[in-house]
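Visitor: What follows is the residue order along each chain.
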Amino acid sequence: MRVNALDWTANPEGVRSAPDLRACRTLVLAHWATQGWAWALRPLPDPYTFAPVFALVMAIMLTACLAASFTRHARLACVVAAPFTLAAVYWTLPATANHTLLVCLLLLLFVVLDPEDSEDDALLIQGIRWIVILIFFYAGLQKVLHGMYFRGEFLTWMIGHGVERWADLFGWMIPAEEIERVRSYPRYLVGSGPYRIDSVLFWTVSNSVWVGEIALAIGLLFRRTRLPSVFVAILLVYTIQLPPREFMFAFLYSQLIVLFVPGEWQRKLMPVFLMAYLWLILALLGAPGRFLLKNGSDI
Amino acid sequence: MKRRALSLFLILFAIWPLIQYGLVRAYDVDPWKLMGFAMYCVPGPMKTVRVYEVSSDGSQRMLDFMAYDDEEQRVVDRFRELRRTLGDLQSSDELAEALLALHPDFEGVVVAVLSLKLDPKSARLEPKVKTDTHWRDGRDEPFIFPTPAAGTVGERTPG
Numbered sequence: 001m002r003v004n005a006l007d008w009t010a011n012p013e014g015v016r017s018a019p020d021l022r023a024c025r026t027l028v029l030a031h032w033a034t035q036g037w038a039w040a041l042r043p044l045p046d047p048y049t050f051a052p053v054f055a056l057v058m059a060i061m062l063t064a065c066l067a068a069s070f071t072r073h074a075r076l077a078c079v080v081a082a083p084f085t086l087a088a089v090y091w092t093l094p095a096t097a098n099h100t101l102l103v104c105l106l107l108l109l110f111v112v113l114d115p116e117d118s119e120d121d122a123l124l125i126q127g128i129r130w131i132v133i134l135i136f137f138y139a140g141l142q143k144v145l146h147g148m149y150f151r152g153e154f155l156t157w158m159i160g161h162g163v164e165r166w167a168d169l170f171g172w173m174i175p176a177e178e179i180e181r182v183r184s185y186p187r188y189l190v191g192s193g194p195y196r197i198d199s200v201l202f203w204t205v206s207n208s209v210w211v212g213e214i215a216l217a218i219g220l221l222f223r224r225t226r227l228p229s230v231f232v233a234i235l236l237v238y239t240i241q242l243p244p245r246e247f248m249f250a251f252l253y254s255q256l257i258v259l260f261v262p263g264e265w266q267r268k269l270m271p272v273f274l275m276a277y278l279w280l281i282l283a284l285l286g287a288p289g290r291f292l293l294k295n296g297s298d299i
Numbered sequence: 001m002k003r004r005a006l007s008l009f010l011i012l013f014a015i016w017p018l019i020q021y022g023l024v025r026a027y028d029v030d031p032w033k034l035m036g037f038a039m040y041c042v043p044g045p046m047k048t049v050r051v052y053e054v055s056s057d058g059s060q061r062m063l064d065f066m067a068y069d070d071e072e073q074r075v076v077d078r079f080r081e082l083r084r085t086l087g088d089l090q091s092s093d094e095l096a097e098a099l100l101a102l103h104p105d106f107e108g109v110v111v112a113v114l115s116l117k118l119d120p121k122s123a124r125l126e127p128k129v130k131t132d133t134h135w136r137d138g139r140d141e142p143f144i145f146p147t148p149a150a151g152t153v154g155e156r157t158p159g
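Chains A and B are the protein sequences, given in the same order. Letter by letter, the first sequence follows residues 1 to 299 in the working numbering. Letter by letter, the second sequence follows residues 1 to 159 in the working numbering.
I should point out that these hints are in silico values taken from the structure, not numbers from a laboratory. Some hints here could point you the wrong way.
Stated by the list, open to error - Which residues of chain B face chain A? A partial, calculated answer using Cβ under 7 angstroms:
| hint | residue |
| --- | --- |
| 1 | L6 |
| 2 | A14 |
| 3 | P17 |
| 4 | M35 |
| 5 | F37 |
| 6 | A38 |
| 7 | C41 |
| 8 | S59 |
| 9 | R78 |
| 10 | P120 |
| 11 | A123 |
| 12 | R124 |
Even for Gly, the Cβ is constructed at its ideal location relative to N, Cα and C.
Can you build the whole structure from these sequences, using the hints too?
Guide: See the structure below:
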């Protein structure tokens with residue numbers, strides 16, 4: 001029997017994902033439009049700077065593409081958006097954020113594959129689901145390879161020198177004097193440390209991060225474990241991304257995870273995600289909601 | 001055809017993080033970048049760049065870029081930013097060439113990069129120093145610091 005790994009993430013026979021994929025395509029363009037406005041409002045530092053005029057043109061064009069994604073010209077919108085996004089990635093490499101590279105790949109998939117075509121529809125849903133699974137798997141595996149979660153070294157570092165919210169997240173399980181200790185270490189001094197907290201509970205939580213990510217990759221692969229995995233996955237994504245306010249990644253990744261749920265939930269949730277992106281832009285412009293911004297001023 | 005192309009894309013997508021991990025290990029590339037999905041695995045890169053001019057009499061002096069012009073500061077900032085992400089893959093050749101062109105009196109330029117890494121064994125910040133020497137005459141030999149200056153990355157013998 002010939003086994004095709006692509007089929008592992010396929011829908012049941014006869015079930016199409018076109019409504020969800022159309023919504024996903026719109027959200028990919030919404031993500032890019034948001035990023036475009038962020039670059040237009042806050043120019044990147046040298047050497048990644050590109051002309052402010054280009055950033056503004058890109059933001060306007062991507063917003064127009066986003067609007068066009070609601071019409072029958074949605075695929076053309078992706079084709080028009082692609083050169084702008086490729087140019088932006090070219091200029092921001094090698095410091096381009098992973099979510100920006102990911103959303104660029106997704107946009108290119110939507111250029112090549114059309115959700116309106118039944119064969120393309122099947123390939124798109126299988127491909128995007130595999131991407132989500134691989135990201136979860138590698139997020140867990142990389143933590144194992146770098147070896148800073150076994151005794152909580154990375155989380156201890158973040159409690160000591162990350163944003164205040166990291167300490168809030170883990171503070172309840174660590175004695176206050178331990179938090180004070182790791183915070184007292186100089187951030188940029190040779191020999192600073194040890195960044196280790198002797199707490200079995202803390203180590204368990206630390207290890208559960210990479211174990212959870214790898215387990216979720218497996219859970220999302222199989223139809224029977226898919227639905228509970230989706231809920232846990234979204235919870236995990238927001239738990240990790242909430243303290244550093246990495247909402248651009250959280251919004252993108254959580255909407256991709258929703259693609260595992262049958263029943264057109266991507267389409268149903270699309271307005272929520274669109275409002276969330278809009279809120280990010282408005283927060284950048286000074287509207288209420290600065291708590292959504294990284295360091296209070298960025299996305 | 002599309003199915004095969006998508007399969008190939010996914011295979012590359014699945015292999016790439018391993019290559020990125022190899023680059024991180026071999027060249028000190030920033031684990032958070034280049035789509036290896038290693039965000040929140042290690043603290044972000046902590047790197048300091050120091051540049052020394054070497055005079056014809058063999059003496060060395062650390063350059064204070066705040067005292068120099070915008071162009072000089074720009075080339076150093078650019079190197080610092082790219083080195084932060086690309087690690088040793090970002091050569092210091094372009095920076096040295098620019099500085100040697102801006103300062104005809106320099107005999108050579110030494111670029112030192114000090115990285116601090118959180119060591120999982122000791123759970124402490126451990127240093128790694130890498131220095132590159134660029135001579136005006138193009139000879140290929142490292143500059144040996146004669147009198148280590150305390151508190152600078154030059155206190156270690158370049159190698």
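Visitor: Sort out which numbered hints this structure fails and list those numbers smallest first.
Guide: 8
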